[in-house]
Amino acid sequence: MTQVVAANAHTESAVQSVQRAARILGCFTRERPELGVTDLSRELGLHKSTVSRLLTALRDAGLVAQVAGTGKYRLSVRVLEMAGVVLSSLDLSAVADPQMHLLAESTGETVSLVVLEDGICVDLHAVPSRHPVHAVRREGQSLPAHVSAGGRVLLAFRSQGHPVAVGRASESTLPQPVLDEIRTTGSALVRGEVDSGLVELAAPIWDHRERVAAALVISAPTYRMTEGQIEGAQQALLRAARTISAGLGHRI
Numbered sequence: 001m002t003q004v005v006a007a008n009a010h011t012e013s014a015v016q017s018v019q020r021a022a023r024i025l026g027c028f029t030r031e032r033p034e035l036g037v038t039d040l041s042r043e044l045g046l047h048k049s050t051v052s053r054l055l056t057a058l059r060d061a062g063l064v065a066q067v068a069g070t071g072k073y074r075l076s077v078r079v080l081e082m083a084g085v086v087l088s089s090l091d092l093s094a095v096a097d098p099q100m101h102l103l104a105e106s107t108g109e110t111v112s113l114v115v116l117e118d119g120i121c122v123d124l125h126a127v128p129s130r131h132p133v134h135a136v137r138r139e140g141q142s143l144p145a146h147v148s149a150g151g152r153v154l155l156a157f158r159s160q161g162h163p164v165a166v167g168r169a170s171e172s173t174l175p176q177p178v179l180d181e182i183r184t185t186g187s188a189l190v191r192g193e194v195d196s197g198l199v200e201l202a203a204p205i206w207d208h209r210e211r212v213a214a215a216l217v218i219s220a221p222t223y224r225m226t227e228g229q230i231e232g233a234q235q236a237l238l239r240a241a242r243t244i245s246a247g248l249g250h251r252i
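Counting from 1, one number per residue, gives the positions in the sequence shown under the numbering used here.
Worth flagging that the hints you see were computed from the coordinates, not collected in a lab.
In this text, all values refer to a predicted model and were calculated from it rather than measured experimentally.
Keep in mind that a hint or two might mislead.
[What the hints assert, rightly or not] Label pairs and their computed distance ranges (CB to CB):
| no. | residue 1 | residue 2 | range |
| --- | --- | --- | --- |
| 1 | Lys48 | Ser142 | 51 to 61 angstroms |
| 2 | Ala246 | Thr70 | 27 to 37 angstroms |
| 3 | Ser142 | Arg23 | 12 to 22 angstroms |
| 4 | Leu25 | Asp195 | 45 to 55 angstroms |
| 5 | Ser196 | Glu105 | 23 to 33 angstroms |
| 6 | Gln235 | Val18 | 34 to 44 angstroms |
| 7 | Glu43 | Asp195 | 51 to 61 angstroms |
| 8 | Arg32 | Pro177 | 36 to 46 angstroms |
| 9 | Pro128 | Ala57 | 30 to 40 angstroms |
[Claimed, not checked] With a straight-line cut-off of 20 angstroms between C-alpha atoms, the simulated SDA-like cross-links for lysine to any residue are:
| no. | residue 1 | residue 2 |
| --- | --- | --- |
| 10 | Lys72 | Gly62 |
| 11 | Lys72 | Arg30 |
| 12 | Lys48 | Ala14 |
| 13 | Lys72 | Arg20 |
| 14 | Lys72 | Gly45 |
| 15 | Lys48 | Ser13 |
| 16 | Lys72 | Ser13 |
| 17 | Lys48 | Arg20 |
| 18 | Lys72 | Ala14 |
| 19 | Lys48 | Gly71 |
| 20 | Lys48 | Phe28 |
Virtual Cβ for every residue (Gly too), placed ideally from N, Cα, C.
Let the sequences and hints guide you as you build the complete structure.
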């Protein structure tokens, strides 16, 4: 019995050490790429000796490196290599699909994921509305970027200095106030331009490189998307877009 208790205690101690080491790694950010023992001790509420011991173990594992001259620590290139393995396995459609289905269910409308290709907005993935009468979006369907909500979102953030992941579209056909409003609200609303009876809402999807990878779009018949419903749909859209972006490694 004594041996079992000792083994359990050892296991719990090992798990706690792993959890603490993970918390240390999570403290390093773009804004604070270098941290010292004192910094981490204060932030995590751990004794300096504990932090120092864990940092030594992380350094020996190749996950952190000590900065010459300051004695502080930073994440190592090994962490970047590991991140590359994760990011290379992420498929935009696969990451977005669960949120797209939830959004389609909560709004009752068609949801699509669009990208830019040479000035054309192309549907990469689509989830249809549950209603018999609905906006039809299919993989491979294309629209001029400047008339669609998704295209406008991609063009607006591209022209703001955030490069869009694909395409060479020009935003010159869009008035500056339109671009400014999209950047301010973080979304685009288009009525009757794609189709006289259609409303579109769109929001950007960001990836780990701070690039706009795609736009998430809700498409609905005008008669069903009233003014009172637009605000709720827009908030649901923005939440879904943030969740997908986080899944692609974007730090909000």
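So, going through the hints one by one against the coordinates:
Distance hint check for Lys48 and Ser142: the Cβ-Cβ separation is about 59 angstroms, which falls inside the suggested range of 51 to 61 angstroms. Under the hint 27 to 37 angstroms, the C-beta atoms of Ala246 and Thr70, about 32 angstroms apart, fit the expected range. Between Ser142 and Arg23 the beta carbons are some 46 angstroms apart, a value that contradicts the proposed interval 12 to 22 angstroms. Range check, Leu25 to Asp195: Cβ separation about 49 angstroms, and the 45 to 55 angstroms hint holds.
The hinted range of 23 to 33 angstroms is satisfied by Ser196 and Glu105, whose Cβ atoms lie roughly 27 angstroms apart. A hinted range of 34 to 44 angstroms holds for the C-beta pair Gln235 and Val18, which are about 38 angstroms apart. Between Glu43 and Asp195 the beta carbons are some 53 angstroms apart, a value that agrees with the proposed interval 51 to 61 angstroms. Here the CB-CB span from Arg32 to Pro177 is close to 38 angstroms, well matched to the stated 36 to 46 angstroms.
Take Pro128 and Ala57: their Cβ atoms lie about 51 angstroms apart, and the range 30 to 40 angstroms is violated. With a C-alpha separation of about 15 angstroms, the suggested pairing of Lys72 with Gly62 holds against the 20 angstroms cut-off. Among the hinted pairs, Lys72 with Arg30 is consistent with the structure: their alpha-carbon atoms are about 15 angstroms apart, no more than 20 angstroms. In summary, the hint linking Lys48 to Ala14 is supported, as the alpha carbons are separated by about 18 angstroms, within the 20 angstroms threshold.
Our distance criterion of 20 angstroms between C-alpha atoms is met by Lys72 and Arg20, whose separation comes to about 18 angstroms. This hinted pair checks out: Lys72 and Gly45 have alpha carbons roughly 18 angstroms apart, not beyond 20 angstroms. Restraint check for Lys48 and Ser13: the C-alpha separation of about 18 angstroms stays at or below 20 angstroms, so the hint holds. With a C-alpha separation of about 26 angstroms, the suggested pairing of Lys72 with Ser13 is violated against the 20 angstroms cut-off.
Between Lys48 and Arg20 the CA atoms are separated by roughly 13 angstroms; this keeps the pair inside 20 angstroms, and the hint holds. Restraint check for Lys72 and Ala14: not satisfied, since their Cα atoms lie roughly 25 angstroms apart, outside the 20 angstroms limit. Between the alpha carbons of Lys48 and Gly71 the distance comes to roughly 14 angstroms, so the proposed pair stays at or under 20 angstroms and holds. For a cut-off of 20 angstroms, the pair hint linking Lys48 to Phe28 stands: about 17 angstroms separates their Cα positions.
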